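Engineer: In case you want the letters, here they are:
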Amino acid sequence: MASQHPIEIILARQWASTMSHPIWITDDAGNLLFYNVAAEAVLGVRFDEAGEMPAEQLDELFETESLDGAPMPAEELPLLKALTKWTPAHGPLRIRGHDRIWRNIEVTAIPLIGEGERRLGALAMFWELDS
Amino acid sequence: MRVKLNGTRGSVGRAGPETVRYGGDTSSIEVTSGGGASLVLDAGSGVVHADAATVTSGRIDILLTHLHMDHIQGLGFFRPLFEPDVEVHMWGPVSTTKSLTARLGRYLSPPLFPVRLRDLPSVTVHDLAPGTVEIGSFTVTAAFIIHPGQTYGYRIAADGRTLAYLPDHEPALGLGRVPTDPRWTSGYALAEGVDVLIHDAQYTDDEYSGRIGWGHSTLTQALDFAELAEVGRLVTFHHEPNHSDEEIDQHHSEVGERRQTSVPFEAGLAEATLQV
Ligand SMILES: [Zn+2]
Ligand SMILES: [Zn+2]
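First to last, the sequence lines map onto chains A and B. Using this note's numbering, read the first sequence as starting at 2 and increasing by one per residue. Using this note's numbering, read the second sequence as starting at 277 and increasing by one per residue.
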């Protein structure tokens with residue numbers, strides 16, 4: 002069996018599942034650990050169906066591009082910035098989930114750094130912009 | 277491995293005729309390996325009953341789960357700290373903001389205590405990072421568990437046996453029950469398959485509903501956690517100060533009758549010695 006998640010990640014999930022805006026949680030390598038019910042509405046798939054997912058498989062779940070429709074390099078995604086620079090990152094982008102509808106969203110990503118300077122993962126909150 | 281329960285009471289001491297059997301002293305246990313080496317876990321008021329409390333030479337290791345008063349209040353009264361020939365090592369959770377020495381120094385300094393930590397003859401303080409360390413003949417694993425403030429649970433291995441000590445723990449926080457997925461359960465990695473689990477069971481189910489987030493478990497939750505982790509035996513700990521011996525007996529037998537459990541369990545008795 003895979004090992005137990007650190008409590009900072011467990012508590013982040015418990016908290017995220019009580020929030021009304023979309024939240025997405027990854028480990029330090031960007032592997033998906035959890036998204037909440039509000040995020041399900043944007044992605045078009047229930048978390049129970051998608052489950053935890055390796056980072057390289059995430060393009061099956063959604064696509065992203067910049068607001069003007071230009072391709073967006075992965076390293077420009079706020080979540081990846083948070084995971085590489087270990088600082089908060091923020092920015093707008095377009096996302097398309099299983100319903101194939103492009104949505105304009107704004108993302109704030111926060112790195113999760115536990116006591117003992119443990120780089121545990123990141124949490125991304127996102128809001129749909131009025132289009 | 278031998279485990280002595282020197283202090284079993286939670287939160288605050290409660291001495292009196294109604295707490296004689298389960299004890300009135302706050303959290304402290306002592307673990308001794310076959311080779312004779314020993315570890316003290318937590319230094320609540322019960323630490324004065326430790327066999328190690330009478331030594332005048334050699335080395336003593338004290339592992340603190342966290343710095344709540346009921347887990348450190350016995351430190352200033354633990355004689356070996358004042359013995360120049362005893363090498364005392366204190367271990368506790370690392371923090372980004374302040375060293376363990378600085379945090380302990382808030383208690384071990386006037387006006388709360390007349391003696392300063394730095395004036396003790398031979399004390400070394402270790403800011404312990406999560407992970408595994410060898411201390412003498414013990415393999416000690418520390419991991420953060422759910423309880424207000426940085427709090428460790430410990431897994432101790434020696435003589436081919438394992439013990440988990442999680443005196444203050446609320447794995448049900450958020451869900452309202454212990455999760456069923458081990459990967460999403462606080463403390464699971466520490467307790468998985470241990471021979472003996474010493475775990476918080478402070479509240480009854482009714483009491484818990486008014487104390488969510490206080491950092492403790494019910495007996496029912498402790499049993500759910502023990503079953504999930506498939507431990508050999510559960511010893512309940514951190515008894516609620518308002519529970520008399522009679523109430524603890526009654527509650528444990530009621531819960532035992534109500535549910536079929538694969539894990540033998542008992543309430544930790546004052547100064548009980550467990551063979552692991
Ligand atoms: Zn306590
Ligand atoms: Zn506590």
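These are calculated hints, taken from the structure and not from any lab test. Nothing here was measured: the structure is a model prediction, and the numbers come from that model. Careful: at least some of the hints might be erroneous.
Derived SDA-like pairs: lysine to any residue, alpha-carbon spacing no greater than 25 angstroms straight-line [as the list claims (entries may be wrong)]: (1) K86/A / D100/A; (2) K86/A / P406/B; (3) K86/A / E522/B; (4) K374/B / P55/A; (5) K374/B / F48/A; (6) K374/B / T109/A; (7) K374/B / P7/A; (8) K280/B / R453/B; (9) K86/A / T109/A; (10) K280/B / K374/B; (11) K374/B / W87/A; (12) K86/A / A42/A; (13) K280/B / E542/B; (14) K374/B / G98/A; (15) K86/A / V46/A; (16) K86/A / N32/A; (17) K374/B / T88/A; (18) K280/B / P455/B; (19) K86/A / T372/B; (20) K82/A / G98/A; (21) K374/B / R119/A; (22) K280/B / Y484/B; (23) K86/A / A405/B; (24) K82/A / E410/B; (25) K82/A / F48/A; (26) K374/B / I114/A; (27) K374/B / L12/A; (28) K374/B / G115/A; (29) K86/A / S371/B; (30) K374/B / K82/A; (31) K86/A / P55/A; (32) K280/B / T332/B.
Examples of chain A residues lying across from chain B (beta carbon under 7 angstroms, computed) [stated by the list, open to error]: (33) I8; (34) Q15; (35) N105; (36) T109; (37) I111; (38) E116; (39) G117.
For glycine and all other residues, C-beta sits at the position ideal for the given N, C-alpha and C.
Engineer: Now, for every hint given, state plainly whether the structure supports it.
Structural biologist: Right, here's what the structure says about each hint:
Of the pairs offered as hints, the one joining K86/A and D100/A is violated, with about 32 angstroms between alpha carbons and a cut-off of 25 angstroms exceeded. Restraint check for K86/A and P406/B: satisfied, since their Cα atoms lie roughly 23 angstroms apart, inside the 25 angstroms limit. Simply put, K86/A and E522/B have alpha-carbon atoms about 57 angstroms apart, too far for the 25 angstroms limit, and the pair is violated. For a cut-off of 25 angstroms, the pair hint linking K374/B to P55/A is broken: about 36 angstroms separates their Cα positions.
For the suggested pair K374/B and F48/A, the alpha carbons sit about 39 angstroms apart, so the restraint of at most 25 angstroms is broken. In summary, the hint linking K374/B to T109/A is not supported, as the alpha carbons are separated by about 29 angstroms, beyond the 25 angstroms threshold. Between K374/B and P7/A, the direct Cα distance comes to roughly 22 angstroms. Compliance with the 25 angstroms bound is thereby established for this hinted pair. Taking the CA atoms of K280/B and R453/B, the gap is about 30 angstroms. The hint is violated against a cut of 25 angstroms.
For the proposed pair K86/A and T109/A, the alpha carbon gap of about 14 angstroms is at most 25 angstroms, so the pair holds. Between K280/B and K374/B the CA atoms are separated by roughly 32 angstroms; this puts the pair beyond 25 angstroms, and the hint is violated. With a C-alpha separation of about 22 angstroms, the suggested pairing of K374/B with W87/A holds against the 25 angstroms cut-off. Note on K86/A and A42/A: the hinted pairing is violated, with a Cα-Cα distance of about 29 angstroms set against a maximum of 25 angstroms.
Note on K280/B and E542/B: the hinted pairing holds, with a Cα-Cα distance of about 15 angstroms set against a maximum of 25 angstroms. For the proposed pair K374/B and G98/A, the alpha carbon gap of about 45 angstroms is over 25 angstroms, so the pair is violated. The suggested pairing of K86/A with V46/A is violated, with an alpha-carbon distance near 29 angstroms, which exceeds 25 angstroms. The straight-line distance between the Cα atoms of K86/A and N32/A is roughly 17 angstroms, inside the 25 angstroms bound, and the hint therefore holds.
Taking the CA atoms of K374/B and T88/A, the gap is about 22 angstroms. The hint holds against a cut of 25 angstroms. For the suggested pair K280/B and P455/B, the alpha carbons sit about 30 angstroms apart, so the restraint of at most 25 angstroms is broken. Pair hint K86/A plus T372/B holds up; C-alpha atoms about 19 angstroms apart against a cutoff of 25 angstroms. Using a Cα cut-off of 25 angstroms, the hinted pair K82/A and G98/A holds, with the two alpha carbons roughly 21 angstroms apart.
Of the supplied pair hints, the one linking K374/B and R119/A holds, its CA atoms being roughly 16 angstroms apart against a limit of 25 angstroms. The straight-line distance between the Cα atoms of K280/B and Y484/B is roughly 28 angstroms, outside the 25 angstroms bound, and the hint therefore fails. Using a Cα cut-off of 25 angstroms, the hinted pair K86/A and A405/B holds, with the two alpha carbons roughly 23 angstroms apart. For the hint linking K82/A to E410/B, the alpha-carbon distance of about 37 angstroms lies beyond 25 angstroms, and the restraint is violated.
At roughly 24 angstroms between alpha-carbon atoms, K82/A and F48/A fall within 25 angstroms of each other, so this suggested pair holds. Taking the CA atoms of K374/B and I114/A, the gap is near 16 angstroms; set against the 25 angstroms cutoff, the hint holds. With a C-alpha separation of about 23 angstroms, the suggested pair K374/B and L12/A falls inside the 25 angstroms cut-off, and the hint holds. In summary, the hint linking K374/B to G115/A is supported, as the alpha carbons are separated by about 15 angstroms, within the 25 angstroms threshold.
Between K86/A and S371/B the alpha-carbon distance is near 22 angstroms, which keeps this suggested pair within the 25 angstroms criterion. For the suggested pair K374/B and K82/A, the alpha carbons sit about 29 angstroms apart, so the restraint of at most 25 angstroms is broken. At most 25 angstroms may separate the alpha-carbon atoms for a hinted pair to count; K86/A and P55/A meet this at roughly 20 angstroms. For a cut-off of 25 angstroms, the pair hint linking K280/B to T332/B stands: about 20 angstroms separates their Cα positions.
Using the Cβ-Cβ criterion of 7 angstroms, the hint placing I8/A at the interface with chain B is satisfied: the shortest such distance is roughly 5 angstroms. The interface hint given for Q15/A is met, as the beta carbon of that residue sits about 3 angstroms from the closest beta carbon of chain B, less than 7 angstroms. Nearest Cβ of chain B to the Cβ of N105/A: about 32 angstroms, over the 7 angstroms cut. The hint is violated. Annotation: T109/A was flagged as interfacial toward chain B, and the flag is violated, the nearest CB pair being 22 angstroms apart, outside 7 angstroms.
Here the hint on I111/A is broken, as its CB sits about 16 angstroms from the closest CB of chain B, past 7 angstroms. A distance limit of 7 angstroms between C-beta atoms decides the matter here; for E116/A the minimum to chain B is near 5 angstroms, and the interface restraint holds. The closest approach between the C-beta of G117/A and any C-beta of chain B is roughly 4 angstroms, which is under the 7 angstroms cut-off, so the hint is satisfied.
Violated hints for the displayed structure, listed by number in ascending order: 1, 3, 4, 5, 6, 8, 10, 12, 14, 15, 18, 22, 24, 30, 35, 36 and 37.
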